[in-house]
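Peer 1: Given the sequences, and given the hints that come with them, work out the whole structure.
There are 2 protein chains.
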Amino acid sequence: MKQIATRKILPATPAPTEGELYGITELAQEFGISLRAIRFYEDKGLLAPRRINGGRAYTRRDRARLGLILRGKAVGMSLAEIEHILSLYGDHGEGHVKQLEYLIGRIDAATTELDTRRRHIVAMLAELGEVKGQLQRTLAAKRRVKKK
Amino acid sequence: MKQIATRKILPATPAPTEGELYGITELAQEFGISLRAIRFYEDKGLLAPRRINGGRAYTRRDRARLGLILRGKAVGMSLAEIEHILSLYGDHGEGHVKQLEYLIGRIDAATTELDTRRRHIVAMLAELGEVKGQLQRTLAAKRRVKKK
DNA sequence: GCGCCTGCTTACGTTAACGTCAACATGATC
DNA sequence: GATCATGTTGACGTTAACGTAAGCAGGCGC
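Line by line, the protein sequences give chains A and B. Position 92, counted from 1, in the first sequence is what the numbering used here calls 92; the numbers after and before it change by one each time, with no gaps. Position 71, counted from 1, in the second sequence is what the numbering used here calls 71; the numbers after and before it change by one each time, with no gaps.
It should be emphasised that the hints constitute simulated quantities derived from the structure, not laboratory data. One or more hints might be untrue.
[Stated by the list, open to error] Keeping only pairs whose Cα atoms sit at most 25 Å apart, straight-line, the calculated BS3-like set for lysine-lysine is:
id, chain 1, residue 1, chain 2, residue 2
1, A, Lys-142, B, Lys-98
2, A, Lys-44, B, Lys-73
3, B, Lys-73, A, Lys-73
4, B, Lys-132, A, Lys-73
5, B, Lys-98, A, Lys-132
6, B, Lys-44, A, Lys-73
7, A, Lys-142, A, Lys-132
8, B, Lys-73, B, Lys-44
9, B, Lys-132, B, Lys-142
10, A, Lys-132, B, Lys-73
Peer 2: Here's what the structure looks like:
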């Protein structure tokens, strides 16, 4: 079944409400991941594409979510953490004041955690820099000896 | 068995070659991890403490390695990656020129990878900042309405 | 001498994040 | 109308990173 066919079958249809639709293979290739992974994220509730003739059809929004998922993974977050982050990106336009405040608080929490992680990385980078400097010095010394 | 006893039994001994020794519980408490985790890291070859009367005795160097392990984890690295990083910190003072160049190359590789990760984090922080700004604006609007 | 505490090893259990494989459906193509 | 590419849903396997439990040993306090 080719859900992409949906797009081909309706080529000139501007699709007023939603824009372009993507197939699962399309996304998998674009992001360089397996189909199984994408379905797995769906099982975990991180994605919820529409179904067209049994096949999965992803909107631009879904695609963006997938991007966020992968970015989260690149950062070292677990899928559970990523799920929390993703819940911050919705259409919570009709949230009550309480809800909005809650969301902002969650964003702050995620922010501080990410920043902590960032600082750890910066520290490791600094340490690696020192080690490298050390090695370079001994290397330079060895070379001086060799030349003379 | 109390390997810490070793330290207590030899209290005033300046221990010329090696400094202070730490017990496993000591390290576990200091770093807030389980004994099992520490032993696990040893099984994986990330730590290799000396044995005193069957008990594990950690030097300051071992302790530092454990710190690096945990920092690596905080950054989102796998134990395998951490192992690679740790191998850069040894006493490779007597390395040949080739070996030193190789090590420096590995450091560079690790550095660029970490920096990529760092940039990803920075990007996520920026996105979260935008989301927060959005929420704050809608929140402010709602409050203005409420006040009037 | 007897618990008690700390430590060791061995073995099995667990969770996350997928990979792999089988069996089946369907639209396109020859 | 048979084949093929692409899709679907299970079900099971796998790796990493530990947790948990069982059983045993050696000091210490009383």
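Peer 1: List, from low to high, the hint numbers that the structure doesn't satisfy.
Peer 2: none
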